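Here the protein sequences line up with chains U and F, keeping their order. All letters in the first sequence, in the order written, are residues 2 to 577 by my numbering. All letters in the second sequence, in the order written, are residues 2 to 577 by my numbering.
Honestly, the hints are just simulated from the structure, not real lab data. Warning: the hint list may mix true and false statements.
No distinction is drawn between identical chains; accordingly, a pair holds when it is met within one copy or between any pair of copies.
[Said to hold, decoys possible] The list that follows gives simulated cross-link-like pairs (lysine-lysine, BS3-like), each with its CA atoms no further than 30 angstroms apart:
id	residue 1	residue 2
1	Lys-75	Lys-526
2	Lys-328	Lys-142
3	Lys-143	Lys-220
4	Lys-323	Lys-276
5	Lys-276	Lys-143
6	Lys-323	Lys-143
7	Lys-328	Lys-143
Remember, predicted model here, so these are calculated numbers, not experimental data.
Residues per chain, in single letters:
Protein chains: 2
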Amino acid sequence: MRAYDREDLQFQLWEVAGLGDLIADSDLDREAVNGILDAADQIARDVFLPIGREIDEQEPQFVDGRAILPDAVKPAVQAFVDAGFISAGFSPEHGGMGLPETVHQAAAFILAASNVSLSGYGMLTVGAGRLIQSFGTQAQKKTYLEPMVEGRFFGTMCLSEPQAGSSLSDITTRADPMDDGRYRITGRKMWISGGDHELSENIVHLVLAKIPGGPPGVKGISLFVVPKFRADGTRNDVTLAGLNHKMGYRATTNCALNFGDGGECLGELLGEPHKGLAYMFQMMNEARIGVGMGATALGQAGYQVALAYARERPQGRAPGAKDPTSKQVAIIDHADVRRLLLAQKSAVEPALALALLCATLVDAERAADPSAGVLLGMLTPVAKSWPSEFCLEANKHAIQVLGGAGYTRDYPVERHYRDNRLNPIHEGTHGIQGMDLLGRKILMDSGAGFSVLAARMRSDIAAGGECAAALAEALTRLEDVTAHLAAQVAETPDRGLANATLYLDMFGHVVMGWMWLRLTQAAQKVAERDGDSDILRGKRQAARYFYARELSRTRGWAEILLRNDQSAFDMQDGWF
Amino acid sequence: MRAYDREDLQFQLWEVAGLGDLIADSDLDREAVNGILDAADQIARDVFLPIGREIDEQEPQFVDGRAILPDAVKPAVQAFVDAGFISAGFSPEHGGMGLPETVHQAAAFILAASNVSLSGYGMLTVGAGRLIQSFGTQAQKKTYLEPMVEGRFFGTMCLSEPQAGSSLSDITTRADPMDDGRYRITGRKMWISGGDHELSENIVHLVLAKIPGGPPGVKGISLFVVPKFRADGTRNDVTLAGLNHKMGYRATTNCALNFGDGGECLGELLGEPHKGLAYMFQMMNEARIGVGMGATALGQAGYQVALAYARERPQGRAPGAKDPTSKQVAIIDHADVRRLLLAQKSAVEPALALALLCATLVDAERAADPSAGVLLGMLTPVAKSWPSEFCLEANKHAIQVLGGAGYTRDYPVERHYRDNRLNPIHEGTHGIQGMDLLGRKILMDSGAGFSVLAARMRSDIAAGGECAAALAEALTRLEDVTAHLAAQVAETPDRGLANATLYLDMFGHVVMGWMWLRLTQAAQKVAERDGDSDILRGKRQAARYFYARELSRTRGWAEILLRNDQSAFDMQDGWF
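Please model the entire structure based on the sequences and the hints provided.
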């Protein structure tokens, strides 16, 4: 069994995301892309899926300052490296395969659905490596990037500190310049995913720190390359202070790291001083889309298990059936079980459509389409947050379909639920995504980004179909709410932003309504071309469900947002 | 620190649930009740809370056919027994303390908030013992009930089987009559909480089984008392086949039990043949209210941790604050954190109000008030399901307030979230509660139960206050939806019941709106009597939040239910 729906993935790539057009001028053809996805599928099924339970049950151990992972992790990660799924993320000039991001993300989806905590190492390494690719010197590229592309070195991003989680302005890690141009790094970092392990020859930490004398706050943050082992092979002064014991996502170590406890932590500045946060945002934005893809993949994985179980498990009879000696039906015959399955399907499929749309926008941006970047910026908070919230909800439903069995480790759905609970937290919490959307993205360039998005949606709405009218209405509602809130944010930022999270959810639901419009339009096109089929009927029915049960929620949310309800803002500490 | 809000509990007991009137004619006074709650509080804080992490991390082990629990469990459960919290649930004629159910449940709340998986043994024993109290012979009461009241024997309920989880009609465990009046029991039971352990001298299983030759389906189910050790001290033929590895609720063992593998499992019929399911419903209904109380307690426990953390943890600044060198604020100063806290408060407090209202109805029923039983029957599915769904959501929010820290075992909130995920599953899934409400309770006696409930709500609405008008509107909406759906259920049960779960949620939200009416009316009364205070202001603000953000959802749900949207019903297996 697969942890994802290959038929849906094919449909989404070729009929919705337009991968055919995207690769038309490249060396790739459909057969080659399918070969890459088959390779991912093979590792997913043969290597990643079978060890899911084992590497969840055996948490990483902190022993003598080292992070010890279960034995099964290293060969699995190595298989991933050997198949080229790290090099796939880099351009050929540095030894990478130069795959379109859309194909790279499709493979990432397959692998994350099969074992999200193993796939984390690759995502972090690609993200960190691309920063060096963008801002590093030739020497840095040679020393650090090339071994990362080869999968010999892994990467991390070191932002948070014990006293500064979400507030990077308050980091205190310092970088003192040395005579040779390098920097001496001193400080403590928290929540570092992949921060220590013995899966690769070396770990390249990308560390935010402040050079003494720089401006206060985020304007004084610089970015440093700090390897676990220096270029001469000696151990750098980076020590593992401890591992976090997490509810899920366990095979990705999560570390507290001390830099320079012995005064000998050497780092190299990446790019120019004081521009660290802007650089890091490149990685954070990729990581945010990656988090959304991971959350989507977990939602999909749970849905596949629930669907298979619902088709096989006999239990009970229809409410109208009166004969207790009649045969029990499969639970999928119960309307409420179909609701639980549809709720999952109607969340995970548009979430995948959005993740793939974001990937095509990355490809378009690389091909120098200026509007792609604007649109991507608008969609990033949604691509991160919506699946983190609503595909987690899908995982909750998957457990419910299995009942008691779903609450045990005999099935992976309880693990998906634990794994996915991380996603609304890391790479910017749900609340921070709301602030990013309403407090920054909506206001930038007098709302130009939102206009680009709305125009793109209207152009799809104009192509018609069953969803078009309702989406047009929801979009108009979103425009009203947006104009209303943007004015309030400008006037009184604290009160104006008080409901930024609810705005994010409403915005996300409209975007997902748009994804369902695209999915059903593509289904219509295929039905006209090849004849109708069950998979296409399923898309239409899931869209109907989503519009009836989920998109309709935007009406109630709009009421709350139009009066910008201040019940939470007005609550006082002492009243709790 | 406490895992619950003692001040709120006092307010709810004395000002909302009317405990003063309830005990007016009894031996108890306010001081005595507070003494009992203090005793529960002491065990909660000194014994239950400190071992929460330890007994979660050390799962019960299945060794040589025995269930081995961590060492810390036995003395903790013994302290609970020694303090009288099992005997508290029984009437004095069998050696119990004969506490009002309202006081008993308040103590249960304190203990469950502090460690839900320890408190499970007491709840099961009281539930099983009360069945013997109601339906047992004098000999059975002497042999089984009295040692249960003393806390020497524990009890279980054995309903589910591998092929029959929610569908009791399909159980195949058989009970063959023996010459001496006893029965030989043969069959396999699944998901038995507390099914085996070495915490008590004996375990008294209440087992559903069929006597050969009886009617098919649920009409042929009888109830048997099957002890682990027979009265003569020999081991009965009940064997532990395995333990389930659960996501949470770990210190309550969950067992697969085999009865009569060696042909020597002896049981006694409880009450009359073929009435087993009706008898068991007494225990199930108590268990359902108990599940709701446990879910509420977990929600409350998470809220307390999140609130304390939010007040202490400095992070970031207000959106309008521009100076990065200014001091960081406590995160409770962020509007979105207050929203997360209010969402928890506005769910857990009315959930407690409903659980205590149910307890007062049990007391009224014991005092032979006929309407109390009808109202209790209507409220039971809500008392079970609403906290299971929405206090679980509260636990999700508690993790979010703590961010990364909440995702680790350094804090208990991830454990609460795992523990609480069981509650929408056991003692009748969320879906089954919806069927019970819309398919049975609403239709019984031509809707008499719903009329009693609506009249009771209208009488409270008539007393006025800030919530009254909005609640009246929501109640009218619920009445419209109810009439509409009841007609459809009568006509086409399968389609009519297709949205029973959504109806349950809508019904539950209106009931919780009613609870907020009662809480704010009580707050008003206290303010007029003793002057206003922060706790009373907090009640009013939480009610405002609930009405603005949650009760308002009933509008959208009513739209879906009035057209009885069939998007899930019409979905076909092959389309997924």
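* To do: Would you list, in rising numerical order, the hints stated earlier that this structure does not obey?
  => Of the numbered hints given earlier, those the structure breaks are 1, 2, 6 and 7, listed in rising order.
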